[in-house]
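A.B. asks: Take a look at the letters that make up each chain.
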Amino acid sequence: MSEKKIHSFHIDVSEFLFIVFFLFSGIMLAFSSKSFVLNFKQLGFDICSTFENGIHHFISVIDSNVNAVKEISRLREDYVALTEKLKDYEYMQRSNAEIRRENERLKSLLDYSVSLEQKNIPARIVSLDIEGMYSSITIDRGSVHGVKKNMPVIAIQKGNPGIVGKIVLVGHYTSQIVPVYDLKCSISARIQNTRDIGLVSGNGSFSSPLRLRYIRKRVLDNLHFGDVVVTSGENGNYLKDIPIGRISKITVVDYDSSLNIDLIPAVDFMRLEEVLVINQSEKNDREIEND
Amino acid sequence: MIKYLFVSLGILMGFALFESAILSNILFLPAIPDLLLLSVLYFSFTFGRKTGVTTGFFSGLFIDFFSGCPFGLNCLLRTVIGYVSGFFNKTFNIRGIILPCIIAFTGTVSKCFLQIFISFFYPNIVNKYSVFSVMFLSELVMNVVFAPIVFKFLSVFDSIYPEMDRSVL
Numbered sequence: 002m003s004e005k006k007i008h009s010f011h012i013d014v015s016e017f018l019f020i021v022f023f024l025f026s027g028i029m030l031a032f033s034s035k036s037f038v039l040n041f042k043q044l045g046f047d048i049c050s051t052f053e054n055g056i057h058h059f060i061s062v063i064d065s066n067v068n069a070v071k072e073i074s075r076l077r078e079d080y081v082a083l084t085e086k087l088k089d090y091e092y093m094q095r096s097n098a099e100i101r102r103e104n105e106r107l108k109s110l111l112d113y114s115v116s117l118e119q120k121n122i123p124a125r126i127v128s129l130d131i132e133g134m135y136s137s138i139t140i141d142r143g144s145v146h147g148v149k150k151n152m153p154v155i156a157i158q159k160g161n162p163g164i165v166g167k168i169v170l171v172g173h174y175t176s177q178i179v180p181v182y183d184l185k186c187s188i189s190a191r192i193q194n195t196r197d198i199g200l201v202s203g204n205g206s207f208s209s210p211l212r213l214r215y216i217r218k219r220v221l222d223n224l225h226f227g228d229v230v231v232t233s234g235e236n237g238n239y240l241k242d243i244p245i246g247r248i249s250k251i252t253v254v255d256y257d258s259s260l261n262i263d264l265i266p267a268v269d270f271m272r273l274e275e276v277l278v279i280n281q282s283e284k285n286d287r288e289i290e291n292d
Numbered sequence: 374m375i376k377y378l379f380v381s382l383g384i385l386m387g388f389a390l391f392e393s394a395i396l397s398n399i400l401f402l403p404a405i406p407d408l409l410l411l412s413v414l415y416f417s418f419t420f421g422r423k424t425g426v427t428t429g430f431f432s433g434l435f436i437d438f439f440s441g442c443p444f445g446l447n448c449l450l451r452t453v454i455g456y457v458s459g460f461f462n463k464t465f466n467i468r469g470i471i472l473p474c475i476i477a478f479t480g481t482v483s484k485c486f487l488q489i490f491i492s493f494f495y496p497n498i499v500n501k502y503s504v505f506s507v508m509f510l511s512e513l514v515m516n517v518v519f520a521p522i523v524f525k526f527l528s529v530f531d532s533i534y535p536e537m538d539r540s541v542l
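For the protein sequence lines, the chains are A and S, in the order given.
For what it's worth, the numbering used here labels the leading residue of the first sequence as 2, then goes sequentially.
For what it's worth, the numbering used here labels the leading residue of the second sequence as 374, then goes sequentially.
Take these hints with a grain of salt, some might be off.
Chain A regions said to be covered by chain S (calculated; three or more residues, Cβ under 8 Å) [to be verified]:
| # | stretch |
| --- | --- |
| 1 | 22-28 |
| 2 | 47-61 |
| 3 | 135-146 |
Pulled from the structure, derived: some chain A residues nowhere near chain S, Cβ distances all over 10 Å [what the hints assert, rightly or not]:
| # | residue |
| --- | --- |
| 4 | S15 |
| 5 | L83 |
| 6 | E91 |
| 7 | E105 |
| 8 | D112 |
| 9 | K150 |
| 10 | K241 |
Sample of chain A residues facing chain S (criterion: CB under 7 Å; computed from the structure) [unchecked claim]:
| # | residue |
| --- | --- |
| 11 | I12 |
| 12 | V14 |
| 13 | L18 |
| 14 | F19 |
| 15 | K42 |
| 16 | Q43 |
| 17 | S128 |
| 18 | D130 |
In case anyone wonders, no lab produced these hints; they're calculated from the structure.
For each residue, glycine too, the CB sits at the ideal point set by N, CA and C.
Please model the entire structure based on the sequences and the hints provided.
C.D. replies: Structure follows, in structure tokens:
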């Protein structure tokens with residue numbers, strides 16, 4: 002009797018897991034460019050960012066408590082030693098100056114917030130992106146506070162407004178902003194003086210200048226360094242006339258019919274702490290009703 | 374095995390939160406050390422492909438949730454890195470300083486080239502790394518510097534991993 006060879010297909014657990022995870026990741030990446038019925042990114046962001054927000058608050062509380070304890074012990078030492086009083090006084094002066102600066106910053110934010118026709122939601126920044134290749138900012142306001150996708154985000158620094166970016170992802174208590182310096186971000190813009198319209202896009206890093214394109218060469222003589230570039234409000238995504246940046250460099254390329262203009266962002270992202278999320282939809286709805 | 378998997382997922386989640394809630398706010402850092410990549414490298418070099426591919430996938434998932442990058446990119450990247458580096462399980466003694474540094478260097482460079490490779494298939498949504506950019510070189514240096522510390526930290530949890538599963542891998 003001839004012995005039959007039994008061919009059996011065997012796959013190791015490691016290979017099986019690899020194939021499953023690989024296919025899942027590849028498919029999800031493919032869906033990232035299109036909309037899908039169940040938004041895994043949204044779901045995951047919602048869960049993770051809530052944790053993130055919690056951790057941020059937890060650290061803030063610990064940080065403030067530790068600082069408070071330190072301050073009490075320092076004051077006690079200063080009370081005992083006369084010479085230390087001077088140091089304490091200087092420290093208090095410094096902290097007063099800090100509070101004054103914070104007050105001024107918040108006051109200017111409040112003033113601007115009140116002056117705006119649109120409803121706006123003040124928010125604090127929780128975290129920045131952990132992937133160097135991508136730029137995003139997470140804030141501590143989400144759908145429960147009225148934040149919606151595509152809402153423009155601005156900041157007030159030294160009393161002047163500047164565009165920060167727009168909301169791309171909304172969780173319950175947190176939201177994600179794609180900033181103007183991100184490679185994916187493009188904003189319809191105008192040069193404030195000449196009213197020429199162009200497109201501002203980012204270079205991927207807040208330390209790199211923004212790029213203004215599609216400005217015709219014949220307006221070169223009318224342009225000056227330091228000219229302000231503002232949002233045009235053309236597509237309705239952003240508020241009109243919010244400063245985006247100032248012209249820092251103009252490059253004329255022979256083969257191109259338009260100028261390459263570099264801009265220094267109006268917002269100093271290194272110092273960004275609070276932002277305003279603008280709800281344009283209510284004002285737009287009112288205008289439509291009036292019309 | 375399951376217990377260790379949960380512990381390692383907890384560690385990865387902790388690292389992801391640490392990166393996003395604390396390190397990302399330190400603005401003077403030119404780049405953030407990729408602690409999750411270092412962890413995946415450690416898990417796969419120590420315990421093999423099965424652990425490597427699982428931790429690689431979940432670490433990518435956490436980063437995709439926290440980051441603004443397209444969903445699935447880091448899952449794909451880190452699954453492949455975890456699987457491939459799992460082949461070198463027990464080939465090297467990863468204690469000490471030099472070898473973790475070399476592994477971190479190789480892992481970070483592989484991540485960069487793998488991302489460039491993936492960007493050919495998804496050109497519209499995946500950004501390409503620039504190998505000589507300050508950002509990438511800073512990340513590379515940071516990963517190399519942090520590797521021995523992270524490896525030492527993770528070795529504390531080795532005893533949870535069952536001896537029987539280690540011999541199978």
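A.B. asks: Hint by hint, say whether it matches the structure.
C.D. replies: Evaluated hints:
For the stretch 22-28 of chain A, the stated coverage by chain S is satisfied: 6 residues place a CB nearer than 8 Å to a CB of that chain, which reaches the threshold of 3. Three residues within the 8 Å Cβ limit are the bar, and the stretch 47-61 of chain A against chain S gives 8, so the coverage statement holds. Coverage of the stretch 135-146 of chain A by chain S holds [criterion: at least 3 residues with CB-CB distance below 8 Å; count 4]. Listed as a non-interface residue, A/S15 fails to keep its Cβ farther than 10 Å from every Cβ of chain S; the least gap is roughly 4 Å.
The Cβ of A/L83 lies farther than 10 Å from every Cβ of chain S, with a closest approach of about 38 Å, so its non-interface assignment holds. Look at A/E91: its CB is around 26 Å from the nearest CB on chain S, clear of 10 Å, so calling it non-interface holds up. Every beta carbon of chain S lies more than 10 Å from that of A/E105, the smallest distance being close to 22 Å; the non-interface claim holds. No Cβ of chain S comes within 10 Å of the Cβ of A/D112; the nearest lies about 27 Å off, and the non-interface call holds.
The Cβ of A/K150 sits about 14 Å from the closest Cβ of chain S, beyond the 10 Å cut-off, so the non-interface label holds. Against the 10 Å criterion, A/K241 stays outside the reach of chain S, whose nearest CB is about 26 Å from its own CB. For the restraint placing A/I12 at the interface with chain S, the shortest Cβ-Cβ distance is roughly 13 Å, beyond the 7 Å limit, so the hint is violated. Here the hint on A/V14 is kept, as its CB sits about 6 Å from the closest CB of chain S, short of 7 Å.
A distance limit of 7 Å between C-beta atoms decides the matter here; for A/L18 the minimum to chain S is near 5 Å, and the interface restraint holds. At a threshold of 7 Å, the smallest CB-CB gap from A/F19 to chain S is about 5 Å, leaving the interface hint in force. Hint status for A/K42 relative to chain S: holds, with the closest Cβ pair at about 4 Å, below 7 Å. For A/Q43, the interface hint is violated, the least distance from its beta-carbon to any beta-carbon of chain S being 9 Å, above 7 Å.
Because the beta carbon of A/S128 sits about 5 Å from the nearest beta carbon in chain S, less than 7 Å, this interface hint is met. Hint status for A/D130: holds, given a least beta-carbon distance of 5 Å to chain S, under 7 Å.
Taken one by one, the earlier hints fail for this structure at numbers 4, 11 and 16, listed in ascending order.
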